Amino acid sequence: MKEFFLSVFSIRKKSKILLYLNLIVILLVSLTFNLSAAGFGEGKSNPIDNPQKVMVKGTVTDANTGEPLIGVNVVAVGTTIGTTTDALGKYSLEVPNTSVSLQFSFIGYLAQEVAVGGQTTLNVALTSDVAQLSEVVVVGYGTQKKTSITAAVSTLEVKKIATTPIANLNNGLGGRLAGVIFRQNSGEPGKDAAAIYIRGISSIGSTKPLVVVDGIPRDFKDLDPNSIETITVLKDAAAVAPYGVAGANGVLLITTKRGKTGAPLLTYNGYVGFQNPTILPKYVNAYQYATLRNAASLNEGNPPRFSAYALQKYKDGSNPDAYANSDAVAELMQKNTLLTSHNIEVSGGTDRIKYYGSIGYLDEAGIWKPTHQKRYNLDLKLDAQVTKTTKASFAINGRQQKNTYPAIGTDRIFELMQYALPIYPVRFSNGLNAAYPYGSIYSSGYSNVNTSQILTQLSVEQEIPFIKGLSLKGTVAYDPTVNLYKTWITPVHLWSIDTTKTPYQYIDGIFGQNKSSLTQSISNATQLTFQASLNYNRKLGNNNIGVLILFESKTNNYLNFAASRINYNLDLDELDLGSSSLADISNSGSSSEEKQMGLVYRATYDYNSKYLFEASGRYDGSYYFAPGHRFGFFPAFSVGWRLSEENFIKQNFSWIDNLKIRGSYGESGALAGSPFQYLSTYKVFGPAYVIGGNVTQGITPNIEGNPNITWERAKKSDIGLEATLWKGLLNIEADYFYEKRSNMLVSPNVVVPKEYGISLSQANAGIMKNQGIEFSVSSFYRISKDFEVTLGGNFTYAKNTLLQVFETATTYDNPNRRLTGRPLGSQFGFESLGFFQLSDFDASGNLKSGIAVQPWGTVHPGDIRYKDINGDGNINNDDITQIGDAQTPQIIYGISPNVRYKGFSLDLLFQGAAKASLYGNSGAFFNNMNVLVDDMNYWTPENTNALNPRITNSPALNNTQTSSFWLRNGAYLRLKSATFSYTVPSNITQKLKIQNIRIFVSGQNLITWTKLRNYDPEIVYTWGGLNYPQQKVVSIGLNVTF
Amino acid sequence: MKNITINVNSKITLLILLIMMMGFASCEKSLEVIPKAQISDVSIWNSKSNADLFLNNIYKDLPDVTVWRQGTSAEDPEENFSDNSMNGVDWRNSRTIYAKSIYTPSDYINHWFWYSSIRNCNLFIEKVTASSLDDTWKKGRLTEVRFLRALFYQMLWIHYGGVPIITNVLDRYTQGDAIFYARNTSDEVFKFITDELAAIIPDLPIKPETGRASLGAALALKGWCELFQASPLKNPANDKSRWALAAATNQNVMDLGVYSLFPDLPTLFFSENKNSVETIFAKGHVAGTALGGLAIHELQVPYVRGLYSGNGEETPTQELVDEYAMANGLPITDPASGYDPQNPYLNREKRFYQTVIYNGSVWREDTIWTWVGSGSKNTLDLANNSETSNTGYFLRKGLDVRLAVNWYQTNGADYIIFRYAEILLNYAEAKNEASGPDPSIYDAINKVRARSGLTGLPSGLSQDQMRVAIRRERRVELAFEEKRWLDLLRWKIAEEKLNGSLHAMEITKVNGHFVYTVIPAPGGERLFYPKNYVLPIPQSAMDQNTKLVQNPGY
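If you read the protein sequences in the order shown, they are chains E and L. So that you can map any letter, position 351 of the first sequence is 933 in our numbering, and since no number is skipped, the others follow by simple counting. So that you can map any letter, position 167 of the second sequence is 174 in our numbering, and since no number is skipped, the others follow by simple counting.
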C-alpha cells in the first residue's frame, strides 16, 4: 500500500483529473485487496467444517389475511446464509447451528427476528407496516426514516410505472407525485422529455430541477425504467439545502436497484405497444378548401379561383393527379407504430456480496419510418461487505442509444406539412413524390445521433472502530458521454405534373440542394464527481444524534468537433468520398469547462423520536462568477413534532397511527444566465466581411460586463402535515409552501435609450414569489383477502407573482400591462368584443360614430372588434391588457384508483391540469397554410356568432393582432395511464417451476377531455400550430420471475 | 489476520481523510476557468490586426438586400413598397401593411439597429485615437470608420428625417442623463453626414483593398445625400444651390476618371464581374461561405418546368414595363415609337428583356406562360391567392440561372451599393434642376442609354422634358436595386404614384391570338398618406427615451 500513497503525493503537481483517476484505481485495488483479505479471514460458513447444521423450513404469511407472502427475505443473522420465500410463501434454509436467529424482512412489513432454537419448522406471520414506521426515504446525500424526516419529500416507487409504455422516464411522473408540475410538449422519439417544474415556476431564469442519480448529478430520462427503484422529489429548503446553488428549483433523486440478500432471482419484463397520435388537427378536404377559397375571393370582390368544373373534380375525385384530394397528415403519419421494451434482470446476494444486473432494450418507432429510437441499457451493481466495518459499492450503468431522423428537421417537416394543401397530391397515382413533406421525410437523407454513455461509480464506506457511530465514505463517479452525429442530406426529388400534355407528363425536379452533403460531428462530455463524507449517528438514551459532513467537487468538460463536405459527386455517405475542392470542405470545434465544489452539512437531533430538529446547508462555490464572488452559504432549518407519540394522543385517539407536523425555512441558490457575465470582453467570429475578395474574421463586443453578478437566492418556507389513520385506511400528506426568489437576472433597472447601441449586462435585481399548496391522499381498503381497493390522489397548486422585474414605463405605468404583480408568462393582448356586426356600420358602410377606431386598415362586418380600454376612441397599445394565464398550468392533479381482485388488478391514473392559457392559430389561410375544418365556420351576415372572422384570402391584419379572441383555456383531464393485469395463480406457476407470471394490458394517454380543438393541450404552439404529436399507446406485456 | 483487517481499515480511513483534505485545498483557485474565444479590451486596441478584426465587424453591418436594406426580410425588399414591383406572396408585409400604409410605430420596419453599428464606430474611433498604434495606420482606419458612420447615419436620415447625432460612446456610469439625446433636425443630420464626408475625403485612397471605403465611395455617398437634400421632399422652396452642390459632387466622382460603364449590364450583377469598372462601392460575398449572397429562389419564377422552384417575391408591375423604351429609343407613349399594345413585347429596348420575364419568355430552358387559360401554374394570379405573379411578369435582373435553386450561400456576387450609372443619373438630374439642360447632361444620360444600345435623347428638350426623361431613365436603369422607393419619397410623388392600383397585364387567347388587356393588379391597391414620407420612430426607441418626439401623424 505504501507505493499507492507515494503515488498520490507524487502526482500532486499533475492535473486533478489524473489524480482522480488514480484514486479510482487505488480504491479499486484496495477493494480487491480487502475482499481477498476478508474472504481469507472468515471461513466459518463453510458447511463442511460445521457438523451442527440444521435445515429450517416454514411458511411466511400476512398476519392480517393469512395470505402467503412471496419473496420475503430470510437471513440467518450474522451469516451470509439467506433465501427468499417462493410463490407459496415457503422457504427452507440450512443454518449452521440452532443458536442462530432468522430475520424475515419484506417491503411494507415490519421485520421480525426469530430464534431457531430447537425448531426445524418456523412459520412466521408478518405485520404490515401501515404507518410506514420503518420506511426509509432517500434524502440529499443519505437516507432518513420517513417518520423522523422534517423536510417535504415525496417518493414514487417506479415499479408502478415500469410497465406503462413510456420510452422516457420524464413522462412517467405527471400526476404521480404531489408538487410536480409538468408539461410534455412533444411526442418525438428522443425529444419528448416533459418539462418538470417542482412546485411550479419560481424563477424567470432556468426552472430545471437538479436531477441526481444514485447520489451524483446526472440525467435520468434515458435510464431503463425497470432498473429504477424509486424517484424522490425534494421540495422544501430543508430537503434541498444540501444541494446549495443547484437546489433552488427542487431536486429529483433517482435511486436505482441494487442486489438484495437472497437466492438469485431472474426476472423478465417486456411489452409491445401500439402508438397513435393523441389529437391531430382536422384539415379540410380539397372540395372544402376550394369552396372556402372561392368564398374568400367573393368577399374581396375578386373572381372565384376555382371553377365549377374544378369544384366538381375535387368533389368526385375522378382525376386525382390534376384535382387531388389529399390529406397529408393521414398519408404521411403511420398508424399503430410499435413501441417495444424488453428487460432481464438478475439479482441476489448474501450478507457479504450482493449483486444486481439488468439489461434493457427499447425500440420506439416514430410516426414515420425514418424517425426511430433504439436504446440498450446495462446496469451492473456490486455491494460488498469487505470487512465487518468496511463496505464497498461498485456500479456501472451504460447506455447505447441510436436515434435516427430525416435529414430535414422535424419542425421544418411539420411546417412543410402545413403547406401541403389538400388540392395537391402527396404522391401521384403512379407513386411519384409530389409534396415537399413527403420527400423531406423519406428521401432527404438522414440525421443520426448515436449516444454512448457510461455512468461509473465507486464508493467505499468505513466505520471507525474506535468511535462508535462514526463512518467515513468516499465516492468517485466518472461519467463519459459521447454523441456522434451524422447528417447526410441528399437532393429531394419532387415530381410535378404537366396537365397540358396528353397523357400527363411528370417532370422530375429537385427541391433544395442539388448535390448531397455530409456533416459529421462528435461531442464529448465528461463529468467527474467526487465526494468524501463523514457520518455520525448515535443513540444516547432518548437522544438521537446524526451528523453529516460532506465535501463534493464536480468538473465537467465538453468538446465538440465537426467536419463537413458539400457538393458530393458520388452519393456515398463517407467524408473521404466527398468533394475535394477546398471550398466544399469545412470544419469546426470548441471546448468548455465547468467547475463546482461545495461543503455540505446536516445535523439532526430528536428526542425520543417525538421532537425533531434538523439543520443543514451548504457552502458552495462555482466557476460562474468573478473571483471573490464565487462562494455562497445556503443554510436551512427544520423542526417536526410527532403528535402521535404523545401519550394524550396514544391514549385518546387510537385511530391515529402517525401524526406529524413539520416546518422548515432555508435558503438555496440557482445559477442563472451564462458563465463569465462578470467579464466585459469581445468575441471572435467568422466569417465577418469580405476584404480583398477573401472572407475575414471579425471581433464583436459582448454585452457590458457586470463584475458583481451572482446567483439567484431562494428563501423557502414550508409547513407540512403527515398523518396515517385507521391502520392505513387514510394517509394524508399536505404542505403549504412559500418561496421568495431574489437576485434573478434581469435587465438592470436603468433605462438607457435604444441609441445606447449595446445590450446592458443583466443585474441580480429580479424578485418573484411562488406559493401554493400540495397534498396527497391515499386510502387502502381490504374488503376481503381477495379484494382490495386503493385510491390515491394528489393535487398541486403553485402560483407565482413577479415582485420586481425590469419594465419600461410603458408597461409599468399602465396597470393593465404591468408585469410586476402578475404571474410570469401572463399573456397580454387586446380584449376581443367579438365581431363587428352589420349594425355597427351606417348606410354608407362607415363605422358608426362612438366606435373606437382600429388602426389596421378598414374594418368590415365580421372583423374582430377590440375593447377601447382607456376610452380614447382609438385602439392602440394603451388598450393592451392581460388576457390570459401562462402556458404552464398552475394546477396539476392526479387521481389513481386501483382495484385488485384475486389475480386481477386494475390501475388507473387520471391526470389533469388547470389554470393555463394557450394561444391558438389565427384564422384561415394564415401564410397560405392548410385550413382547419373549424375555419369553415366563419362570420357571414347569416352566421354572426361564428368561430372565425370573415373569410379573406389571407387573414386581415386587424384580425391577427394578439387578442383574447384566439386565446384558449388549456385545462384538461386525461386518462394518463391504465394497466389491467392478471397474475397467474401460484398453483399453476408452481407446476411450471416459475415463481410468478403476470400478464398485462397497459395504455398511456388513452382519453383526453379538453375544450381545446385540434391540438393536444400539452403541445406548445409553434408557427402554424402543428408539431410532433403526443402519442397514445396501448400495449400488452409480460412479467415473469423465475 | 485480524491485524491485517485493522491495518487495511486504517489505511482506507486515512485515504478518505486525505481525499477530503485535498478537496479543501485552494478552493478559490480551483474554480478558475478561462473562457475560451473571448478577448479583453487591452489586447484589441494594442494590435493593428486585432483592431482590424473589430473594423471588419463594423463593415459587416453594411446594408445589403439579403440582410438589412429593408429592415424587414430578404424576401420583401423595399422595391416592393414602390410602384416598380409587387410581392407575389400575398401575406408579405409589403402587401398587407405597406401597400395599405397601415404601419404603426410598433410595426416591422425598424432601422434603429443602426445605432448599434454607430456605437461600434464611436468605440473604434475613441479607442484607436487613444491607442499608441502608428499614426499612418490610425489615420487611414479612422477615415474608413467615419465613412461607415456617415453611411449608417444616412440610412437613418433617409428613413426618419432628423435623428439624434451621437458621436461618442455612451456610458451610463460616467455620463448619467447625458446619454439621452433629443432628435437633431433633418438639416443637422444632413450637415453632419456631409461635413464628415468632406472632412475625410482628402484622406481616402482612390483604390484601396476591395471592400474598404474609397474616395469614390465617400463622394458617391455625399453626392447621394446632397441629391436627397435638394429634392422636393427636403427642399420645398427649391433652393437651386442645393442642386448645384449635388451636381458638383457627382461630377467629382466622374472627374476621378477611374469609373466607367461596364459594357454588359446583365452580367454586371454576377459574381464573375465583381469589382468591375462600374462598381464604386459594394458589399462583398463569397460563394460557399456564410458570406454567400442572396439565394435566388426567393425572387425567381415560381414554377420552372412545372416544378415549384421560386417564390416570385419581386414581380415587375405594368407601370415599370411601360417605362421601357422601344428599341428605337422612343418611349412607348411617343406615337412614332411603333409600340403595339396588342404586341407589347416586340422591339423593346434591351433592358426590358434583361429585367423582365413575360409571357413566352424562356427561363432556365423553360418557356414561362402567364396567359390566362394556359394551364401553367405561372398564370397571372387573377384571384390574388397564390404565390405566383399578380402582374403577369416575373423578375430576371440580377438572378443567375447557373445558381442552384433553393440553396443558400452559393451566390458569390457582390451587393452593389453605388455604381457609376447612378452617378451619371444623379449628375444629370441635379444639373438639370440646377440650371436646365446642357450638353454635359445629354452626355451623362446618353452614356447610360448607349450602353444598352439606345440612341441619345433628342436635342432641345426643355427642363421639364429633360426631368421626365431622366426620371424614366433612372427608373429603368436602377430598377430592382432598391432606389425607386427612395426616389418616390424624395421627389414627393409617392402620393400620386401609390394611391390607386398598380397594374397587371391580362393575356387571353382568342382565336389562337393573344389579346392583351391592362387591368388593375389583383391585390395591387395602394394607399399613401402624406405622413408616410418618413417612417414612424420605433415605439421601442420612444419608450426608452422620452426626449424623442414622434414623426407627425403616427
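Don't read these hints as lab results, they were simulated from the structure. Treat the hints with care, as some may be off.
If you only want the chain L side, here are some residues facing chain E, beta carbon under 10 Å, derived [stated by the list, open to error]:
(1) LEU60
(2) LEU62
(3) ALA137
(4) SER139
(5) THR143
(6) TRP144
(7) LYS146
(8) PHE269
(9) HIS292
(10) LEU298
(11) TYR310
(12) ILE339
(13) ALA343
(14) VAL517
(15) ARG533
When the alpha-carbon atoms are kept at most 30 Å apart in a straight line, the in silico DSSO-like pairs for lysine-lysine are as follows [to be verified]:
(16) E:LYS1136 to L:LYS499
(17) E:LYS728 to E:LYS1336
(18) E:LYS1430 to L:LYS538
(19) L:LYS538 to E:LYS1265
(20) E:LYS1336 to L:LYS107
(21) L:LYS516 to L:LYS198
(22) E:LYS1265 to L:LYS247
(23) E:LYS973 to E:LYS951
(24) E:LYS1083 to L:LYS499
(25) E:LYS742 to E:LYS1309
(26) L:LYS538 to E:LYS1336
(27) E:LYS1050 to E:LYS728
Quick caveat: nothing in here was measured; it's all calculated off a predicted structure. Backbone N, C-alpha and C fix where the C-beta goes; we use that ideal spot for every residue, glycine too.
Cross-check of the supplied hints:
no.: 1; hint: LEU60; in the structure: holds, 4 Å
no.: 2; hint: LEU62; in the structure: holds, 8 Å
no.: 3; hint: ALA137; in the structure: violated, 16 Å
no.: 4; hint: SER139; in the structure: violated, 19 Å
no.: 5; hint: THR143; in the structure: violated, 18 Å
no.: 6; hint: TRP144; in the structure: violated, 15 Å
no.: 7; hint: LYS146; in the structure: violated, 18 Å
no.: 8; hint: PHE269; in the structure: violated, 18 Å
no.: 9; hint: HIS292; in the structure: holds, 7 Å
no.: 10; hint: LEU298; in the structure: holds, 5 Å
no.: 11; hint: TYR310; in the structure: holds, 7 Å
no.: 12; hint: ILE339; in the structure: violated, 29 Å
no.: 13; hint: ALA343; in the structure: violated, 38 Å
no.: 14; hint: VAL517; in the structure: violated, 18 Å
no.: 15; hint: ARG533; in the structure: violated, 13 Å
no.: 16; hint: E:LYS1136 to L:LYS499; in the structure: violated, 68 Å
no.: 17; hint: E:LYS728 to E:LYS1336; in the structure: violated, 56 Å
no.: 18; hint: E:LYS1430 to L:LYS538; in the structure: holds, 25 Å
no.: 19; hint: L:LYS538 to E:LYS1265; in the structure: violated, 42 Å
no.: 20; hint: E:LYS1336 to L:LYS107; in the structure: holds, 28 Å
no.: 21; hint: L:LYS516 to L:LYS198; in the structure: violated, 58 Å
no.: 22; hint: E:LYS1265 to L:LYS247; in the structure: violated, 49 Å
no.: 23; hint: E:LYS973 to E:LYS951; in the structure: violated, 49 Å
no.: 24; hint: E:LYS1083 to L:LYS499; in the structure: violated, 51 Å
no.: 25; hint: E:LYS742 to E:LYS1309; in the structure: holds, 22 Å
no.: 26; hint: L:LYS538 to E:LYS1336; in the structure: holds, 23 Å
no.: 27; hint: E:LYS1050 to E:LYS728; in the structure: holds, 24 Å
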